[in-house]
Structure formats: structure tokens, C-alpha cells
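> For what it's worth, UniProt numbering labels the leading residue of the sequence shown as 1, then goes sequentially.
Mixed in with the good hints, there may be bad ones.
The list that follows gives simulated cross-link-like pairs (lysine-lysine, DSS-like), each with its CA atoms no further than 27 Å apart [what the hints assert, rightly or not]:
(1) LYS99 / LYS78
(2) LYS99 / LYS34
(3) LYS96 / LYS34
Simulated DEER-style distance windows between Cβ atoms [what the hints assert, rightly or not]:
(4) ASP80 / ASN28: 28 to 38 Å
(5) MET112 / LYS16: 32 to 42 Å
(6) GLY29 / LEU92: 30 to 40 Å
(7) GLN6 / GLY79: 34 to 44 Å
(8) ASP80 / ASP7: 15 to 25 Å
(9) GLN6 / LYS77: 13 to 23 Å
(10) GLN6 / ASP80: 36 to 46 Å
(11) SER62 / ILE3: 16 to 26 Å
Treat the hints as calculated values from the structure; they're not laboratory data. Every residue gets a Cβ at the ideal spot worked out from N, C-alpha and C, and that includes glycine.
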Amino acid sequence: MEITTQDYCVWYDREKDTTFLKGFIRLNGELEYKPIKNLLVDIAVQNGAISIDLQELEFLNSSGINMLSMVVLALRKKGDIRVILRGSSQVLWQTKSLKNLQRLMPDLQLEMS
């Protein structure tokens, strides 16, 4: 369960039970983000929970932020899936955007370092 390119990497670490997003993700629209969205939703559904570490994701464009919103909405709709997002207060887009995801899913646990 890994998606790797020259600019970014998305992978699931079984030992840490965490999905990591790292690098710069600048994809165009929903279709290009679909593999990442599917990976995140599949992990969450299989495990009944998902912990997503975004601390090393330096850039995510508006289409990517929309994709995260769609993941959160899909998991909220499924019910009983615990979602933890770990972000960095040092990364500007995260400080502005991740709190909005809590509005979509009030049970979402947001941890900023």
C-alpha cells in the first residue's frame, strides 16, 4: 500500500498503524487524486480507524485539500470509523486547512505538533 513519485510519497506503516503523506502534492483535480483517496478510505475501512500523518507534507494544493475533505466525508458517512490527523503547526497550509476538516467530522481527532 504505497504511492510514490518524484515529488511525494503516500504509504501505510503497519507497525505504526499510520498512513504517511510526505513531500509536495500538486495533482490536478479529483481524477488524479483518486488513487490517494481510495488508498486512505480503504485503509480506514479495513482497520475501522485511520491515523494520517501529514507533518512532512509540505504542500497540498486546493484539489488535494478537497480530496482530504472527501475522504473525511466518506468516512463520516460510513460511521464508527475513528480518524486521527497529525499535522505540523510549522506548515502554513495545515494550520489553516486541517481545522476545517474537524467541522466536517466533529469526532475527528486533530493533533498539531
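> Next, verify each hint and record whether it holds.
Do the hints match the structure? See the list:
Annotation: proposed proximity of LYS99 to LYS78 holds, straight-line Cα distance about 21 Å (limit 27 Å). Between LYS99 and LYS34 the CA atoms are separated by roughly 23 Å; this keeps the pair inside 27 Å, and the hint holds. The straight-line distance between the Cα atoms of LYS96 and LYS34 is roughly 23 Å, inside the 27 Å bound, and the hint therefore holds. Evaluation of the 28 to 38 Å hint for ASP80 and ASN28 yields a pass: the beta carbon distance comes to about 33 Å.
Distance hint check for MET112 and LYS16: the Cβ-Cβ separation is about 18 Å, which falls outside the suggested range of 32 to 42 Å. Roughly 23 Å separates the CB atoms of GLY29 and LEU92, a value that falls outside the hinted 30 to 40 Å. For the hinted restraint 34 to 44 Å between GLN6 and GLY79, the CB-CB distance of approximately 38 Å keeps it satisfied. Checked against the given bound of 15 to 25 Å, the beta carbons of ASP80 and ASP7, roughly 35 Å apart, lie outside it.
For GLN6 paired with LYS77, a C-beta distance near 34 Å fails the hint of 13 to 23 Å. Between GLN6 and ASP80, the C-beta spacing of about 38 Å keeps the proposed range 36 to 46 Å intact. The given range of 16 to 26 Å is respected by SER62 and ILE3, whose C-beta atoms sit roughly 20 Å from each other.
The structure does not agree with the numbered hints 5, 6, 8 and 9 stated previously, though it agrees with the rest.
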